[in-house]
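Number of protein chains: 2
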Amino acid sequence: MKTTTLKEIAEQLGLSVTTVSKALKDYPDVSKKTKELVKNLADKLNYVPNSFAVSLRMKESKTIGIIIPTMVHYFFSKVIEGVLKEAEKKNYMIILLQSNESYELEKKQVDLLINKGVDGILISLSNKTKDLEHLKKIIKRGIPLVLFDKIAKTINCSKVLIDDRKAAYEAVSFLIQKGHKRIAHFRGDLNPQNSIDRFLGYKKALIDHNIEFDSSLVYICNNNDDFNDGFNNAEKLIKDHGKNVDAIFAVNDLLAIGAINYFNKKKIKVPERIALFGFSNWFMSSVITPSLSSIEQHGFKMGEKSAQILLNEIYCKQKGIKIEHQKIIIDTELVLRNSC
Amino acid sequence: MKTTTLKEIAEQLGLSVTTVSKALKDYPDVSKKTKELVKNLADKLNYVPNSFAVSLRMKESKTIGIIIPTMVHYFFSKVIEGVLKEAEKKNYMIILLQSNESYELEKKQVDLLINKGVDGILISLSNKTKDLEHLKKIIKRGIPLVLFDKIAKTINCSKVLIDDRKAAYEAVSFLIQKGHKRIAHFRGDLNPQNSIDRFLGYKKALIDHNIEFDSSLVYICNNNDDFNDGFNNAEKLIKDHGKNVDAIFAVNDLLAIGAINYFNKKKIKVPERIALFGFSNWFMSSVITPSLSSIEQHGFKMGEKSAQILLNEIYCKQKGIKIEHQKIIIDTELVLRNSC
Numbered sequence: 207m208k209t210t211t212l213k214e215i216a217e218q219l220g221l222s223v224t225t226v227s228k229a230l231k232d233y234p235d236v237s238k239k240t241k242e243l244v245k246n247l248a249d250k251l252n253y254v255p256n257s258f259a260v261s262l263r264m265k266e267s268k269t270i271g272i273i274i275p276t277m278v279h280y281f282f283s284k285v286i287e288g289v290l291k292e293a294e295k296k297n298y299m300i301i302l303l304q305s306n307e308s309y310e311l312e313k314k315q316v317d318l319l320i321n322k323g324v325d326g327i328l329i330s331l332s333n334k335t336k337d338l339e340h341l342k343k344i345i346k347r348g349i350p351l352v353l354f355d356k357i358a359k360t361i362n363c364s365k366v367l368i369d370d371r372k373a374a375y376e377a378v379s380f381l382i383q384k385g386h387k388r389i390a391h392f393r394g395d396l397n398p399q400n401s402i403d404r405f406l407g408y409k410k411a412l413i414d415h416n417i418e419f420d421s422s423l424v425y426i427c428n429n430n431d432d433f434n435d436g437f438n439n440a441e442k443l444i445k446d447h448g449k450n451v452d453a454i455f456a457v458n459d460l461l462a463i464g465a466i467n468y469f470n471k472k473k474i475k476v477p478e479r480i481a482l483f484g485f486s487n488w489f490m491s492s493v494i495t496p497s498l499s500s501i502e503q504h505g506f507k508m509g510e511k512s513a514q515i516l517l518n519e520i521y522c523k524q525k526g527i528k529i530e531h532q533k534i535i536i537d538t539e540l541v542l543r544n545s546c
Numbered sequence: 207m208k209t210t211t212l213k214e215i216a217e218q219l220g221l222s223v224t225t226v227s228k229a230l231k232d233y234p235d236v237s238k239k240t241k242e243l244v245k246n247l248a249d250k251l252n253y254v255p256n257s258f259a260v261s262l263r264m265k266e267s268k269t270i271g272i273i274i275p276t277m278v279h280y281f282f283s284k285v286i287e288g289v290l291k292e293a294e295k296k297n298y299m300i301i302l303l304q305s306n307e308s309y310e311l312e313k314k315q316v317d318l319l320i321n322k323g324v325d326g327i328l329i330s331l332s333n334k335t336k337d338l339e340h341l342k343k344i345i346k347r348g349i350p351l352v353l354f355d356k357i358a359k360t361i362n363c364s365k366v367l368i369d370d371r372k373a374a375y376e377a378v379s380f381l382i383q384k385g386h387k388r389i390a391h392f393r394g395d396l397n398p399q400n401s402i403d404r405f406l407g408y409k410k411a412l413i414d415h416n417i418e419f420d421s422s423l424v425y426i427c428n429n430n431d432d433f434n435d436g437f438n439n440a441e442k443l444i445k446d447h448g449k450n451v452d453a454i455f456a457v458n459d460l461l462a463i464g465a466i467n468y469f470n471k472k473k474i475k476v477p478e479r480i481a482l483f484g485f486s487n488w489f490m491s492s493v494i495t496p497s498l499s500s501i502e503q504h505g506f507k508m509g510e511k512s513a514q515i516l517l518n519e520i521y522c523k524q525k526g527i528k529i530e531h532q533k534i535i536i537d538t539e540l541v542l543r544n545s546c
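Just so you know, the protein sequences line up as chains Z and R, in that order. Position 198, counted from 1, in the first sequence is what the working numbering calls 404; the numbers after and before it change by one each time, with no gaps. Position 106, counted from 1, in the second sequence is what the working numbering calls 312; the numbers after and before it change by one each time, with no gaps.
The hints are simulated quantities; they were obtained by calculation from the structure and are not laboratory data. Among the clues, some could well be false.
For chains that are exact copies, the list does not tell them apart, and a pair is met inside one copy or across any two.
Unchecked claim - List of simulated lysine to any residue pairs, SDA-like, C-alpha gap at most 25 Å:
id: 1; residue 1: Lys342; residue 2: His531
id: 2; residue 1: Lys245; residue 2: Leu338
id: 3; residue 1: Lys336; residue 2: Asn362
id: 4; residue 1: Lys346; residue 2: Leu212
id: 5; residue 1: Lys342; residue 2: Tyr253
Construct all of the structure, not just a fragment, from the sequences and the given hints.
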């Protein structure tokens with residue numbers, strides 16, 4: 207198909223190429239009438255600005271990359287919604303990549319985004335990520351980077367997260383106030399910071415309330431299939447501890463829902479016999495029976511805030527303004543339902 | 207930051223720029239040893255291929271755009287996962303846009319993707335889309351387009367969908383075989399093709415089994431909040447028909463789950479008093495009480511297939527091979543659980 211050029215539009219209207227170009231970009235020094243003339247003809251001739259060429263000239267691609275560990279996760283869907291809303295406002299587009307909890311893939315995806323020339327990158331790290339060279343590479347290239355939710359403390363960039371330790375502490379303290387003393391913890395992998403922090407919050411709540419910490423009540427759930435992990439570890443928990451356990455604090459809702467399903471199947475009454483507290487407040491937690499108490503993590507807000515910071519850093523970089531990295535803590539809330 | 211050029215790499219290794227370029231692109235006529243030398247030095251010098259320049263030369267951006275109506279939807283999350291997997295295999299990247307069920311936004315996003323110079327576009331239409339000029343524009347520009355799930359019949363492009371009418375027919379026939387005669391339908395908006403087809407499948411099943419179609423049993427749920435729509439219409443249904451209704455076929459799981467929540471609250475027994483059948487087989491349908499019968503729609507497979515077809519059409523276009531549009535029907539399955 208033949209492509210219309212700026213020159214052709216300029217010639218047909220008897221204007222300079224510069225004026226046409228400025229009119230299409232809504233420059234204030236071109237009159238409204240001229241802009242209308244130019245835009246109408248451009249539309250009529252199917253004029254498409256060559257965005258690659260524009261990008262080369264402007265040294266920006268108007269795209270940002272986002273790498274998340276997993277797509278089919280209510281929390282991350284909400285985060286992406288927030289990012290899309292913010293990007294849309296500023297006419298940025300989002301390149302979405304899913305690391306699938308694989309460090310190797312995450313590393314490769316960082317290279318892809320760098321090579322693509324994106325203006326900035328948002329990452330929530332995979333559970334397997336220990337080596338951080340790929341993040342340092344982004345910074346070395348001068349590309350704005352914001353880490354969210356699953357972050358690496360030592361990386362020098364902006365971060366948006368929740369106070370996992372505090373949230374876990376509050377949930378477990380609530381269970382203790384309700385009279386529970388033998389509280390199990392279904393924790394995540396040993397590596398991710400938020401899994402560590404939620405565990406530490408759990409432990410501190412016990413100690414502060416003079417309840418002995420019993421490591422045999424902590425179950426590591428890292429099979430990448432939270433629902434079945436929750437189901438199986440609930441079975442194991444009852445085998446290991448019988449009646450000597452009266453509550454579970456789970457590192458995420460899906461684990462807790464798996465456990466509830468096991469208890470429902472075995473007619474073990476929730477919350478009478480065993481209470482449950484989840485984390486993340488998935489939508490489904492409000493509709494299961496019994497409904498699950500959880501911690502609202504405000505995924506949409508986290509996405510929105512992360513994108514705002516990133517877009518601001520991109521702007522600062524382009525204008526040569528010094529970038530001050532931020533660390534934003536998004537508030538969490540206990541959402542109390544029938545499971546405890 | 208200083209940028210390393212191909213020329214510098216070539217000079218340092220005593221090779222031609224062409225050889226260096228070919229080595230970096232894994233051309234078969236460069237020896238393995240040379241490729242290694244070049245790649246190692248490129249790594250060391252932080253060489254970044256300028257992907258905009260590459261794009262200009264290759265006339266491809268190695269990106270495809272995808273527009274979906276809504277992000278926080280189990281089905282669409284699965285679709286995107288399938289698309290990402292396929293794209294990853296072929297080293298394509300995905301620009302993700304969410305129309306939020308707005309025709310205006312969808313139209314704007316099509317323009318953005320065209321201007322961005324993506325190699326191809328995947329769209330699942332918003333429920334409000336009636337005017338199809340924006341889709342015709344894509345085709346006019348010669349950009350490969352694949353519509354999936356929410357399609358427009360009259361647009362001349364490849365399509366990946368399910369047989370909504372057949373799936374609905376099977377679900378409603380199952381309810382009839384179970385002895386239900388007064389089956390309500392919670393339908394979607396009047397406009398989208400899959401909402402129409404599911405309604406027609408429902409109606410045909412009734413007629414084929416000699417059950418009179420009663421339009422007062424059909425409730426339109428189009429408030430963009432399916433859970434509450436389901437809850438509220440369940441209340442309305444009982445008010446309108448009392449005991450003279452014994453089952454509901456819902457156009458999606460979330461509506462059915464909203465209805466189940468109403469019935470649970472009012473101690474109306476499911477399935478004894480009223481049976482339910484959903485559509486889409488959300489994960490949460492398997493974990494609620496009672497678990498919900500539904501229709502598995504294979505979102506992952508739909509995403510995978512849509513991306514395969516699109517990438518193939520992009521390939522054909524680049525090679526000048528004639529493109530034959532396809533219409534792929536992804537099989538559905540009834541998933542029977544405790545709600546009927």
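**Request:** Against the earlier hints, flag every one the structure doesn't satisfy and list their numbers going up.
**Result:** none
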